[in-house]
Amino acid sequence: MTIGKLNSSKVPVIVIDKKLEQFRDKVLFPEKLEKANEILSKVGLPMRKK
Amino acid sequence: MNKPKYFYKSEEYFKIFEFVSEGSKGRIKKMVQFTQTGTENVYNLAFGDYDDVTNSINDLSVTNNGDSLKVLATVASTIYAFIEKHPNTWIFATGSTNVRTRLYRMGITNNLVDIKEDFEVYGFTQFGIWEEFVVGEDYEAFLITKKQNIQ
Numbered sequence: 001m002t003i004g005k006l007n008s009s010k011v012p013v014i015v016i017d018k019k020l021e022q023f024r025d026k027v028l029f030p031e032k033l034e035k036a037n038e039i040l041s042k043v044g045l046p047m048r049k050k
Numbered sequence: 001m002n003k004p005k006y007f008y009k010s011e012e013y014f015k016i017f018e019f020v021s022e023g024s025k026g027r028i029k030k031m032v033q034f035t036q037t038g039t040e041n042v043y044n045l046a047f048g049d050y051d052d053v054t055n056s057i058n059d060l061s062v063t064n065n066g067d068s069l070k071v072l073a074t075v076a077s078t079i080y081a082f083i084e085k086h087p088n089t090w091i092f093a094t095g096s097t098n099v100r101t102r103l104y105r106m107g108i109t110n111n112l113v114d115i116k117e118d119f120e121v122y123g124f125t126q127f128g129i130w131e132e133f134v135v136g137e138d139y140e141a142f143l144i145t146k147k148q149n150i151q
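Here the protein sequences line up with chains A and B, keeping their order.
Residue numbers for the first sequence follow our numbering, so the first one is 1 and each next one is one higher.
Residue numbers for the second sequence follow our numbering, so the first one is 1 and each next one is one higher.
You may find that some hints are simply not true.
[Unchecked claim] In the BS3-like style, the derived pairs of lysine-lysine whose C-alpha atoms are separated by at most 27 Å in a straight line are:
1. A:Lys-35 - B:Lys-25
2. B:Lys-116 - B:Lys-9
3. A:Lys-19 - B:Lys-29
4. A:Lys-35 - B:Lys-116
5. B:Lys-29 - B:Lys-147
6. B:Lys-25 - B:Lys-85
7. B:Lys-116 - A:Lys-18
[Unchecked claim] Derived DEER-like restraints, expressed as beta-carbon distance ranges:
8. A:Asp-17 - B:Thr-54: 16 to 24 Å
9. B:Ile-129 - A:Val-15: 38 to 46 Å
10. A:Asp-25 - B:Val-113: 14 to 22 Å
11. A:Val-15 - B:Thr-97: 26 to 34 Å
12. B:Gln-36 - A:Val-15: 18 to 26 Å
13. A:Gly-44 - B:Asn-98: 19 to 27 Å
14. B:Val-99 - A:Val-15: 30 to 38 Å
15. B:Asn-149 - A:Asp-25: 24 to 32 Å
16. A:Lys-18 - B:Gly-136: 25 to 33 Å
17. B:Glu-22 - A:Ser-41: 23 to 31 Å
18. B:Gly-128 - A:Ile-16: 37 to 45 Å
19. B:Gly-136 - A:Glu-21: 35 to 43 Å
The hints are simulated quantities; they were obtained by calculation from the structure and are not laboratory data.
Where is the CB? At the ideal position from N, CA and C, for every residue including glycine.
Pulled out of the complex, with its shape left as it was, chain A reads as follows (with noise of 0.2 Å):
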């Protein structure tokens, strides 16, 4: 990446940090999520613009 794409990119620099591998495959926030799948299995998603 140029320094001109970093300028203006609305991402920042990212650390990555292999120890928060450890958290990759575990639910952090279960009721959270399961909150989630009871609205999307209802409604789904927005309808797509036309």
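Place chain B on chain A using the hints.
The following block gives chain B in isolation, referenced to the frame of chain A:
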């Protein structure tokens, strides 16, 4: 999105983020997680305080560290990072309490002009339908996705 935010770390897939809130209550470690839902390409966004002693997350605690706007801006930044890596996804978000959901709504409202440059935002109404986010309306949950995903 040039609001003050915390520096954060992630793992290579950008599904877990960690940052430290600093304020009147001291240094509080916060985790943000994007979790695959049962709907294809839809991920749930959640964040909370991480306790190193118990190795557990608490998304109900009211930290009152005096930096809620900075925390919200940091979480918003992780959305940009996650979607950059997973551009075809939708992000679902809701608060663990009504107060927190209103806080999310406030965060979206305060940044709506910036957000809508790249994304579409929807709110889940009390009538059980999704609509394009309207400032001032009360929503139970939110969806955000890149504009390319709905055209």
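Taking the hints in turn, this is what the structure says about them:
1. For the hint pairing Lys-35 (chain A) with Lys-25 (chain B), the CA-to-CA distance comes to about 30 Å; that exceeds 27 Å, so the pair is violated.
2. This hinted pair checks out: Lys-116 (chain B) and Lys-9 (chain B) have alpha carbons roughly 26 Å apart, not beyond 27 Å.
3. Between Lys-19 (chain A) and Lys-29 (chain B) the alpha-carbon distance is near 14 Å, which keeps this suggested pair within the 27 Å criterion.
4. Annotation: proposed proximity of Lys-35 (chain A) to Lys-116 (chain B) holds, straight-line Cα distance about 26 Å (limit 27 Å).
5. Restraint check for Lys-29 (chain B) and Lys-147 (chain B): the C-alpha separation of about 33 Å exceeds 27 Å, so the hint is violated.
6. Among the hinted pairs, Lys-25 (chain B) with Lys-85 (chain B) is inconsistent with the structure: their alpha-carbon atoms are about 34 Å apart, more than 27 Å.
7. At roughly 33 Å between alpha-carbon atoms, Lys-116 (chain B) and Lys-18 (chain A) are farther apart than 27 Å, so this suggested pair is violated.
8. A beta carbon spacing of about 20 Å between Asp-17 (chain A) and Thr-54 (chain B) agrees with the range 16 to 24 Å that was offered as a hint.
9. For Ile-129 (chain B) and Val-15 (chain A), the hinted distance range of 38 to 46 Å is satisfied, since their beta carbons lie about 40 Å from each other.
10. Our hint of 14 to 22 Å for Asp-25 (chain A) and Val-113 (chain B) is violated, since their Cβ atoms are close to 37 Å apart.
11. Checking the proposed 26 to 34 Å range against Val-15 (chain A) and Thr-97 (chain B) shows it holds: the Cβ atoms sit about 31 Å from each other.
12. The hinted window of 18 to 26 Å between Gln-36 (chain B) and Val-15 (chain A) holds, with their beta carbons roughly 24 Å apart.
13. Restraint check, Gly-44 (chain A) to Asn-98 (chain B): a C-beta distance of roughly 24 Å satisfies the suggested window 19 to 27 Å.
14. Look at Val-99 (chain B) against Val-15 (chain A): about 32 Å separates their beta carbons, and that is inside 30 to 38 Å.
15. A hinted range of 24 to 32 Å holds for the C-beta pair Asn-149 (chain B) and Asp-25 (chain A), which are about 26 Å apart.
16. Checking the proposed 25 to 33 Å range against Lys-18 (chain A) and Gly-136 (chain B) shows it is violated: the Cβ atoms sit about 44 Å from each other.
17. As the Cβ distance of Glu-22 (chain B) to Ser-41 (chain A) is approximately 39 Å, the hint placing it in 23 to 31 Å is violated.
18. Between Gly-128 (chain B) and Ile-16 (chain A) the C-beta distance comes to about 40 Å, which sits within the given range of 37 to 45 Å.
19. Checking the proposed 35 to 43 Å range against Gly-136 (chain B) and Glu-21 (chain A) shows it holds: the Cβ atoms sit about 41 Å from each other.
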